[in-house]
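**Q** Following the hints, position chains B, C and D against chain A.
The primary structure of each chain is shown beneath.
Protein chains: 4
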Amino acid sequence: MKKIKLGFVGGGKDSLIGILHKVASQMYDKYDLVSGVFSTDNKTNIDTAKTLGLDLSRVYESYEDMIKAELKLDVDERIKAVSILTPNFLHYPIAKKFLENGFNIICEKPLTITLKEALELKKIKDSNSLVFGVTHTYTGYPMVRQMSQMIEDKVIGNIQRVDSTYFQGWINDIIHDKDKRKSTWRLNPEISGISSCLADIGTHAFNMLELVCGMKVKKILADLNHLYEDNPLDIDVSVLITMENGAKGTIRSSQIATGIENNLNIAVHGSLGSLIWEQENPNYLYHYTNDKPLQVLKPGHPYNSKISLDGTKLPAGHPEGIFDAMGNIYKGIARQINGEEVKKREYPTIDEGVRGMEFIETAVRSNKEGNIWLELHT
Amino acid sequence: MKKIKLGFVGGGKDSLIGILHKVASQMYDKYDLVSGVFSTDNKTNIDTAKTLGLDLSRVYESYEDMIKAELKLDVDERIKAVSILTPNFLHYPIAKKFLENGFNIICEKPLTITLKEALELKKIKDSNSLVFGVTHTYTGYPMVRQMSQMIEDKVIGNIQRVDSTYFQGWINDIIHDKDKRKSTWRLNPEISGISSCLADIGTHAFNMLELVCGMKVKKILADLNHLYEDNPLDIDVSVLITMENGAKGTIRSSQIATGIENNLNIAVHGSLGSLIWEQENPNYLYHYTNDKPLQVLKPGHPYNSKISLDGTKLPAGHPEGIFDAMGNIYKGIARQINGEEVKKREYPTIDEGVRGMEFIETAVRSNKEGNIWLELHT
Amino acid sequence: MKKIKLGFVGGGKDSLIGILHKVASQMYDKYDLVSGVFSTDNKTNIDTAKTLGLDLSRVYESYEDMIKAELKLDVDERIKAVSILTPNFLHYPIAKKFLENGFNIICEKPLTITLKEALELKKIKDSNSLVFGVTHTYTGYPMVRQMSQMIEDKVIGNIQRVDSTYFQGWINDIIHDKDKRKSTWRLNPEISGISSCLADIGTHAFNMLELVCGMKVKKILADLNHLYEDNPLDIDVSVLITMENGAKGTIRSSQIATGIENNLNIAVHGSLGSLIWEQENPNYLYHYTNDKPLQVLKPGHPYNSKISLDGTKLPAGHPEGIFDAMGNIYKGIARQINGEEVKKREYPTIDEGVRGMEFIETAVRSNKEGNIWLELHT
Amino acid sequence: MKKIKLGFVGGGKDSLIGILHKVASQMYDKYDLVSGVFSTDNKTNIDTAKTLGLDLSRVYESYEDMIKAELKLDVDERIKAVSILTPNFLHYPIAKKFLENGFNIICEKPLTITLKEALELKKIKDSNSLVFGVTHTYTGYPMVRQMSQMIEDKVIGNIQRVDSTYFQGWINDIIHDKDKRKSTWRLNPEISGISSCLADIGTHAFNMLELVCGMKVKKILADLNHLYEDNPLDIDVSVLITMENGAKGTIRSSQIATGIENNLNIAVHGSLGSLIWEQENPNYLYHYTNDKPLQVLKPGHPYNSKISLDGTKLPAGHPEGIFDAMGNIYKGIARQINGEEVKKREYPTIDEGVRGMEFIETAVRSNKEGNIWLELHT
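Residue numbers (our numbering), protein chains in the order written: chain A, 470 to 847; chain B, 470 to 847; chain C, 470 to 847; chain D, 470 to 847.
Treat the hints as calculated values from the structure; they're not laboratory data. Treat the hints with caution; some may be incorrect.
It does not matter which identical chain is meant; a pair holds if it fits inside one copy or across any two.
Stated by the list, open to error - Result set (PhoX-like, lysine-lysine): computed pairs, CA atoms no more than 20 Å apart in a straight line:
hint	residue 1	residue 2
1	Lys541	Lys519
2	Lys813	Lys591
3	Lys482	Lys472
4	Lys471	Lys519
5	Lys685	Lys566
6	Lys623	Lys761
7	Lys761	Lys775
8	Lys566	Lys592
9	Lys471	Lys512
10	Lys471	Lys482
11	Lys717	Lys649
12	Lys541	Lys813
13	Lys717	Lys471
14	Lys566	Lys591
15	Lys482	Lys512
16	Lys512	Lys812
17	Lys685	Lys813
Chain A on its own, in the form it takes in the complex (with noise of 0.2 Å):
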């Protein structure tokens, strides 16, 4: 199998997400990066292609630039999928464009700054054979996929209680300071959107919990707190769930969780057992149940289900994490590119990050009509 030649879309040089996405596609030996416009600064857009050993022609200065060249060569030669890794409200003009234009599409979470963008890119994808990821990196650790696969064979039977929560501190040395929280990015609304906290991290919330449930969210009520009256976006928040099956709990997200890391957890209560997930530990998943001792499962042992097995590369005992996780979701992108039989689970596609944009813009709306049961409809 010949390798996927891959383009980037952001991700310059000492960007964070450009080294996750840069060693995610090359772990599996599936994608070339041969293509790229890495920065709208123009030195750190050659001097990350010098770092990558990039053949500079293929370095360009703008999407649309690499777009028409791209499709002046060859089939062969030409990137054959895009990673979009720019600020949030970027994603939306760029994704479209790739797509009409027939490349395949990686995207960061969240998809949109809107529902109805996210819906329209939908339908763009939807018309052709093209294959969309969105890059909820969590959902490829190796635990999450078995814990999604155990909650599918009904090992824990009926769902009947279910708990996401998204807790980061780091909101917290700007939102006390006047300036600062006036001055970032992330509290403006015309950069950000709608959100801070649900866009950031509640949206990674909800998609775990619609993951490993396989099952949909069908209402929500959410409580918003902004902290301080001239901070226009959510920094914290509770929402109350309701699932397709009844169950009830909670998703949680906080920016202002003062010192935790990044604390991304999932509690799904059965009638049979309990399961529980967490982010920081992505190595370890506790099954509960009566009348047994605790089952702690680890990564890499024969009683792991396939899909689970297929995300890890070393023995047990060899912990792997984030990076890994991602190289998880490119592998499965790339299966989809090539036209291999892709199981569940093995990334996350477009209608994730439509349902995501769903929940940010219907949870905003229940708080700002009152907390109020609101419906999912996508």
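**A** Coordinates of chains B, C and D only, in the frame set by chain A:
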């Protein structure tokens, strides 16, 4: 200092609550258990008394008899306090009668079945100089006291998000069986009152939150789950809360968190740091800040506050548990009865019992009226 | 069953060991503490007795007086057992005298200062029908009992490697200060005997190992560290061991593991699985196998063995601690005194005290003779 | 900076070590894998090259061919370094030949089969200006680097006790089956040399110890267990050690710790504090002191040292793993090859490989001669 003569109502042989209170009362040599009605079953009543080595002339067939007989004794011989360990719906009449006859009270939670009853007890209590402790056992742990003191001392700055949780899985075996859920007294409103989950464990989560924050919950919005239509009481609850100072968060409690034993935990996030504590590992207090390594505090170290060290009998590394927590509460109540100086947090008072009842009633009402915000007033 | 009348020698007010034994003796209503010499300081002696609420006519100035006076009492009034809680070098003369006068013994560890003394006590004990318990407290934890039972039941197959460890850091503050290390009685051979670290904590690690394995250590090779030349006693020890069945491993103990509180832990690796337990988190037993997820056993669950459940008072999730462990040992000794059936592991006997002394002496000799292998014989 | 052209010997498709080195070499864009002999099986050799997308003219049938052919290329085209990923007994001849022909070396551990071979390689290496890295992967973790730096900075004072451990359970399935233990190459001295457990994992524990302590082990006394008489090699080892500064401790390694995955851990106790790290949870470093709460350090925080932060790509809370650790080692070697400044601990050198071989040989000899103390000299 002479020991306080103590009586028990309830707590018969083989009752779990009995051994917990008995051991706790002996721990610091401050009480002498000399009298009681241990069971409505007379054989159990007498057997318990014999096991305890009590003078059988001080063992009674009813609490009314007990009061009458004890009042006939010399003040020095007479019990000075009574521990009420009966089913919940009996707390009120028994406590009332003992209060009215001049006995100090140690009462299990929830204080009563209705807020009205609780307020009545408080009124009587306030009109005399008696002591009334409510045994929210978990507040007696040294690291809960430490957490509370650190928050009072502003170690974590201003509180900005709070989450208190109490999950168990035991009702799972009952709730899914139509006959069992009909026949268990726990789900029978005539015996248990208007709530199962909130009354049994949610009230602990609520009490713990107000205790460690040193601040009241201002308003709540509750979502209760009965799981089956023919089940009249809540068994799974999510509550949105707003604190007096505007901080937001949640209280969650569940009896269908399958396989979870007794997971009461509380996280308080302040502007300078976060503190997290879990009942199942009560000797660890996690202190997070944005710029220093996580600190893990343990009991018995000189870096702890006085009120915390007062609750530890052995040096660090000798784990104490729930019996020791209850022993601390009994010690605090004894000090109060003995007229010694008593600090905040040494034991939960009737005020906390009243708050607990208001929380339960308000949450049930919020749910019934369509998940709306309701304020607490007591 | 009438309560066993109990006396204390040592354990005066504010002594840590005093409160531990007192609470333990009361826990199951099997003893009545009625008599004692609590301190050589008479004020402390009397104060302790008053705090405990004792009849002062049963409080004595010396253990010899105590024996004489108690013997004059009716058998029914007289104490049936005595707890010896004095400094180590007094265990032997006191225990001897009480034994010779027909009293059952509960003695702190290490049993004596020399193996010879220990063997003498054993000889006297064996010649009458008295009970002699040695309070290796940590063996009373429910999960230690569970570990031991599982090993006896061959759940982990044949033992093939064992490691027992007991690390503390408290002596650190003393050892590096020339004056302090000269003046502390802990490092004075005249009071403490031939060992500091081995005698104080190494003996626990050794006892725990033989107890849970249900097998004797056959030979040892010890390396002792005094850290400073002017310090006559070991404060840090590593011992190679070979078990009766040929399995190898280590016993390690240290008083200079700076910052470590009280980390006794034991790992037993068998042909089918491994079991690991740590004293600082005593309610967790880790069961590893090669083909299944790690299982974490906790107290109070029906999956535990009888002997383990017998040591738990409350349902799973209500953490019990070291007072409860000691309570279990007192319960076992009471059963033995009362002539009830007593299972292995209910309490440590004088035989274990003798083994402990042999371990200490043999380790010191192995080190002195150039780190050579020496067999244990008792 | 142009990428370093790299070749592989070994590491064929589906070999675990292959993917680890490949991903690590790509991580920081410092190498270009352009050449190799990936397997003695030519189909695997070619398949691997194709998967990697290599120019097949640079894929060879033997390492001798590889050297010859590469030498014919322009210096700019020619590989500058080779990664040796073959079975252990081949490290020596291959490394020797490459060294002699002017190639930099990246070699898996153990460096060779005998100390003599290791010293020979070192001699050759020292006689030219080539770089020779030995991939003790675990030393690349950011928290190992942090631990090492803190010890160098005297944060824990003077080292006074050390314990390094590496336990696995995988050989359990083989060792108890007479046929399997006869047939596995791991227990065949002709292929594996004089040791199984020491050579495979004990050497990591030894290396880790010297690395983090910044100090040499002075002498050792080893006890090796073969478990069965017909098994010629050690599979379980306990070693008493004395450090250069007189501190004592142990190195323990086992392949029969049933169910244990890959538990390399190291504890260093100093006069002011202790540091503990475990490979299976590599992102946690535990810092104990006698007077402050336990501190838990994690990667990516500014409180870490430069050398630690250099090994972290994402902010705190994004777990990196073993691939990232190896990536760090590759980065350090690249810097050395490129003539940049390289700090201690950036990668393990041939000196550490030599020490490892001496440790193995000395331990085997100590055991054979009756568990006696032997000094290390290199």
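**Q** Take the hints in turn and mark each one as holding or not.
**A** These are the hints, each one checked on the structure:
no.: 1; hint: Lys541 / Lys519; in the structure: neither (23 Å within a copy, 27 Å between copies)
no.: 2; hint: Lys813 / Lys591; in the structure: within (18 Å within a copy, 52 Å between copies)
no.: 3; hint: Lys482 / Lys472; in the structure: between (23 Å within a copy, 16 Å between copies)
no.: 4; hint: Lys471 / Lys519; in the structure: between (24 Å within a copy, 8 Å between copies)
no.: 5; hint: Lys685 / Lys566; in the structure: neither (30 Å within a copy, 54 Å between copies)
no.: 6; hint: Lys623 / Lys761; in the structure: both (17 Å within a copy, 19 Å between copies)
no.: 7; hint: Lys761 / Lys775; in the structure: between (25 Å within a copy, 16 Å between copies)
no.: 8; hint: Lys566 / Lys592; in the structure: within (13 Å within a copy, 61 Å between copies)
no.: 9; hint: Lys471 / Lys512; in the structure: between (32 Å within a copy, 18 Å between copies)
no.: 10; hint: Lys471 / Lys482; in the structure: between (27 Å within a copy, 16 Å between copies)
no.: 11; hint: Lys717 / Lys649; in the structure: neither (38 Å within a copy, 23 Å between copies)
no.: 12; hint: Lys541 / Lys813; in the structure: neither (35 Å within a copy, 50 Å between copies)
no.: 13; hint: Lys717 / Lys471; in the structure: neither (47 Å within a copy, 53 Å between copies)
no.: 14; hint: Lys566 / Lys591; in the structure: within (13 Å within a copy, 58 Å between copies)
no.: 15; hint: Lys482 / Lys512; in the structure: within (10 Å within a copy, 38 Å between copies)
no.: 16; hint: Lys512 / Lys812; in the structure: neither (41 Å within a copy, 29 Å between copies)
no.: 17; hint: Lys685 / Lys813; in the structure: within (15 Å within a copy, 47 Å between copies)
Violated hints, in rising order: 1, 5, 11, 12, 13 and 16; the structure is consistent with all others.
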